[in-house]
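J.: With these hints in hand, go ahead and build the complete structure from the sequences.
The residues making up each chain are set out below.
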Amino acid sequence: MSETSSKQNLKTSARQLATVIDLNKCMGCQSCTVACKNLWTQRPGTEHMRWANVGTYPGRGYPRDWQSKGGGYDKDGNAKAGELINLVEAGDNFQFNHDEVFNQQKGQSAHLQPTTSKGEKPQWGYNWDEDQTSGDWPNAFFFYLPRKCNHCSNAPCIDACSRNAIAKREDGVVLIDQEKCTGHRHCVEACPYGMVYYNLSTGRSEKCIECFPRVEQSIAPACNRQCVGRTRAYGYLDDKDSQVHKLVYDWQVALPLHPEYGTQPNVYYVPPMSTFAYDDEGRLTDEMRIPMEVLEEYFGSAVNGALKTLVTERQKKKDGKSSELMDILISRRWEDRFAQFTNEPV
Amino acid sequence: MKVKRHSLDAALLLDGRASAWSGIEETLLPLSPSPIALTESVSPYMAKITGHGKVKKIRVRMAHNGSIFSMRLSWDDPDKDNETTDLDEFSDAVSVMFPLAKGATAFTMGSEEKPVNAWFWKAGEPGPFDVLAEGYATSNRRPAETSGLRASDYHEGGTWVVVLQRPMAGDGHGIVHIEPGVDTGIAFAVWEGSNKERSAQKAVSGEFKRLKVDA
Ligand code: SF4
Ligand code: SF4
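Listed in order, the protein sequences are those of chains Z and X. For the first sequence, our numbering gives the first residue as 1, with consecutive numbering after it. For the second sequence, our numbering gives the first residue as 347, with consecutive numbering after it.
Since the hints were derived computationally from the structure, they do not count as laboratory data. There may be inaccurate statements among the hints.
[What the hints assert, rightly or not] Partial list, computed: chain Z residues near chain X (C-beta under 8 Å):
id	residue
1	A81
2	R163
3	D171
[What the hints assert, rightly or not] 16 Å max Cα-Cα, derived EDC-like pairs, lysine to aspartate or glutamate:
id	chain 1	residue 1	chain 2	residue 2
4	Z	K118	X	E435
5	X	K426	X	D499
6	X	K426	X	E471
7	X	K403	X	E372
8	Z	K180	Z	E206
9	Z	K317	Z	D327
10	Z	K80	X	E386
11	X	K394	Z	E83
12	Z	K118	X	D432
13	Z	K316	Z	D327
14	Z	K308	Z	E296
15	X	K542	X	D432
16	X	K542	Z	E296
17	X	K448	X	E553
18	X	K402	X	D422
19	Z	K75	Z	E260
20	X	K558	X	E525
21	Z	K7	X	E553
22	X	K542	X	D434
23	Z	K240	Z	E83
24	Z	K118	X	E386
25	X	K348	X	E491
26	X	K448	X	D529
27	Z	K118	X	E372
28	X	K394	Z	D336
29	X	K558	X	E371
30	X	K350	X	D529
Glycine included, C-beta positions come from ideal geometry on N, C-alpha and C.
T.: Pasting the structure below:
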C-alpha cells in the first residue's frame with residue numbers, strides 16, 4: 001500500500017457525526033466552554049486549552065487571529081502552509097492573587113487581578129474582545145460563534161502528521177493517538193481552525209475528542225448537551241431522521257464555517273438573521289444589520305439562500321401557519337435534537 | 347570514517363569533558379538541509395517547510411574498547427534550547443543512524459525491508475531514545491534501555507557536546523550490532539530548536555557513510 005492511500009484510509013470513515021449550532025439562539029454564555037473544560041482540560045499543561053470556545057465575531061477570535069494563520073487547502077486541494085500558535089494567543093494560564101486578597105486581609109488595598117504565565121500584566125486573553133462590536137452606530141453588530149474541532153471529512157491535521165498519529169474513527173471522530181504523538185506540531189500548523197493545542201507538560205498535541213467515551217454510550221458531547229440556549233443538534237449526517245440531516249441537507253440552512261478552507265468540516269451553523277438596520281434618518285429599515293459580505297466571509301455564498309429560507313419560514317410562523325423548519329429549530333423537547341444520543345451522563 | 351579501538355573504560359568514554367577524547371581523532375562533517383520536499387506523501391505540510399538545516403557542521407570523535415561504542419558529538423549552537431516554555435518552542439537534538447540491512451537509505455529513514463536504527467538525543471529529556479525506523483513516518487522511539495543506550499551532554503561557550511554510548515552487541519531485533527573488524531554505515535542529523543526544527547526539518551550529513559570499525 002502506498003503512503004498516500006494509507007493517509008486516505010486514516011482520513012476516511014464509514015459514517016460521520018456532526019453538530020449543528022443555531023447562531024440565532026446562542027447568547028454567548030460559555031456554558032459549552034465550561035462544560036468541556038471541566039471534563040477534559042484540567043490536567044497539567046492543558047490550562048490554556050479551550051477545546052470548546054465561544055467568541056464574538058467579527059473579531060480576532062480564539063485562538064487569537066486563527067483566521068489569518070493559514071493551513072487547510074487551496075482551491076486545487078494543495079496543502080497551505082500554516083503557523084504555530086503561542087501561549088498568549090491560545091488563552092494563556094492566568095494566575096490570580098487570591099491569597100493576598102482573601103487570606104492576608106488586604107481586601108481594601110489589593111485588588112483581585114490576573115498575571116500571565118510569565119508573571120506579567122495580561123495584554124490579551126480568552127474572550128478579550130468579548131461583545132466588541134463592528135459597524136458604526138447605530139448599526140453596530142456582532143454575533144457569537146461557538147467552536148470546537150470540526151472532525152473534518154478531509155482533515156489536514158491527519159495529512160500533516162509526519163508520524164500518522166492522527167486518524168478518523170468509524171464514526172467520523174478525529175483523534176490524536178497520544179502514544180504515537182511526539183509533539184512535532186505540524187497538525188497545529190495545518191488546522192486552519194486553530195483547533196489543535198500543544199501540551200507543554202506531556203510534550204504532545206491535543207484536541208477535542210468529541211467526548212467519545214460519552215458518545216460510545218449514546219450520550220451527546222458535553223458542549224452540545226450542556227448548551228442552555230438549546231442551540232445545538234447532534235447525530236449522524238446520514239441519519240435521515242436526525243435534525244442534523246434535516247438542517248444540513250433537507251433545509252440547507254446549516255452551513256460549514258469557512259468552506260473555502262477545503263477541509264469539509266462537520267460543525268454546521270444556522271447563520272444569524274440579525275436585527276434590522278436604521279437608515280440615516282434613524283428610521284428602521286428592512287435591511288439586515290450584519291452585512292451579507294461579512295456573513296459570506298464566514299459561511300460562503302450559500303448563506304444567502306439559507307437566510308432567505310429562514311426568513312420565509314419564520315414569516316410562516318408569524319402568519320400563524322406551520323413550519324417544520326421552525327419547529328426543528330425551536331425543539332420543544334430537548335431529546336428531539338440529539339437523535340439517539342439522549343442517554344443521561346450520570 | 348573510522349572508529350579505532352582504545353583500551354579505555356566505559357565511564358571515561360561517557361564523559362564529554364574527559365581528556366581521553368583529545369587523543370581520539372576528530373572528523374568534521376558538513377551538514378546540509380534535509381531534502382524535505384521528499385516527504386510530500388508523509389506530510390504535505392512538512393514538505394513545504396523551508397529555511398531549516400541551520401547547523402552547518404558537526405565534529406565527531408568515536409572510539410570502542412571491544413565491547414562499548416562511544417561517540418562524542420559537538421556542534422556550534424549559540425542558543426541553548428533545552429526547555430520549551432511556549433507552544434511554539436522546540437528543543438535542540440542530535441541523532442546518529444545505522445543501517446540494519448545492506449542497502450538501507452538514510453534519506454528515507456530506511457524502508458520496511460531495510461530498516462534503520464538511530465540513537466536520538468534531545469536537549470532537556472531525561473535520557474536518549476533508541477529509534478527503529480522502516481521509512482518516513484514509521485520511526486518508533488523506544489526507551490534507551492531497549493539497547494543499553496546512554497548519553498551525557500553539556501552546553502558551553504555556544505557549543506553543544508553530546509556523548510552517546512552503547513554496548514556494541516545488538517540482538518538483531520531492530521538494534522544495530524557493531525562488530526569489531528566489520529564495516530557498517532553511519533549518518534548524522536542535527537535539529538536547531540530555536541529555528542523551530544523538528545521531524546524532517548533538520549540538518550543532515552547525507553547518505554550513509556562507510557564506517558570502518560577497528561578489530
Ligand atoms: S478542525 Fe482542525 S483539528 Fe479538527 S479535524 Fe479539522 S483540521 Fe483536524
Ligand atoms: S452553551 Fe449554547 S448558548 Fe451558551 S455559549 Fe455555548 S452554544 Fe452559545
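J.: Take the hints in turn and mark each one as holding or not.
T.: Now for the hints, and whether the structure bears them out:
1. A81: With a minimum Cβ separation of about 5 Å from chain X (threshold 8 Å), the hint on Z/A81 holds.
2. R163: 6 Å, holds
3. D171: Constraint on Z/D171 not satisfied, violated at 25 Å.
4. Z/K118 x X/E435: Holds, because 15 Å separates the two Cα atoms, which is no more than 16 Å.
5. X/K426 x X/D499: 12 Å, holds
6. X/K426 x X/E471: 14 Å, holds
7. X/K403 x X/E372: OK: X/K403 and X/E372 at ~13 Å, within 16 Å.
8. Z/K180 x Z/E206: Given pair Z/K180, Z/E206 holds - Cα atoms ~12 Å apart, limit 16 Å.
9. Z/K317 x Z/D327: Between Z/K317 and Z/D327 the Cα gap is close to 9 Å, so the pair holds against 16 Å.
10. Z/K80 x X/E386: 13 Å, holds
11. X/K394 x Z/E83: 12 Å, holds
12. Z/K118 x X/D432: OK: Z/K118 and X/D432 at ~10 Å, within 16 Å.
13. Z/K316 x Z/D327: Holds, at roughly 11 Å.
14. Z/K308 x Z/E296: Holds: Z/K308 and Z/E296 sit about 14 Å apart, inside 16 Å.
15. X/K542 x X/D432: 12 Å, holds
16. X/K542 x Z/E296: Violated: X/K542 and Z/E296 sit about 36 Å apart, past 16 Å.
17. X/K448 x X/E553: Between X/K448 and X/E553 the Cα gap is close to 13 Å, so the pair holds against 16 Å.
18. X/K402 x X/D422: Judged against 16 Å, a Cα distance of about 9 Å means the pair holds.
19. Z/K75 x Z/E260: 7 Å, holds
20. X/K558 x X/E525: With Cα atoms ~10 Å apart, X/K558 and X/E525 stay inside 16 Å; holds.
21. Z/K7 x X/E553: 27 Å, violated
22. X/K542 x X/D434: Measuring from Cα to Cα gives roughly 8 Å; hence the hint holds.
23. Z/K240 x Z/E83: Violated, because 39 Å separates the two Cα atoms, which is more than 16 Å.
24. Z/K118 x X/E386: Not satisfied, since the Cα-Cα distance of roughly 38 Å exceeds 16 Å.
25. X/K348 x X/E491: Status violated; Cα separation ~26 Å.
26. X/K448 x X/D529: 11 Å, holds
27. Z/K118 x X/E372: 43 Å, violated
28. X/K394 x Z/D336: Violated, at roughly 46 Å.
29. X/K558 x X/E371: 14 Å, holds
30. X/K350 x X/D529: The hint holds at about 12 Å.
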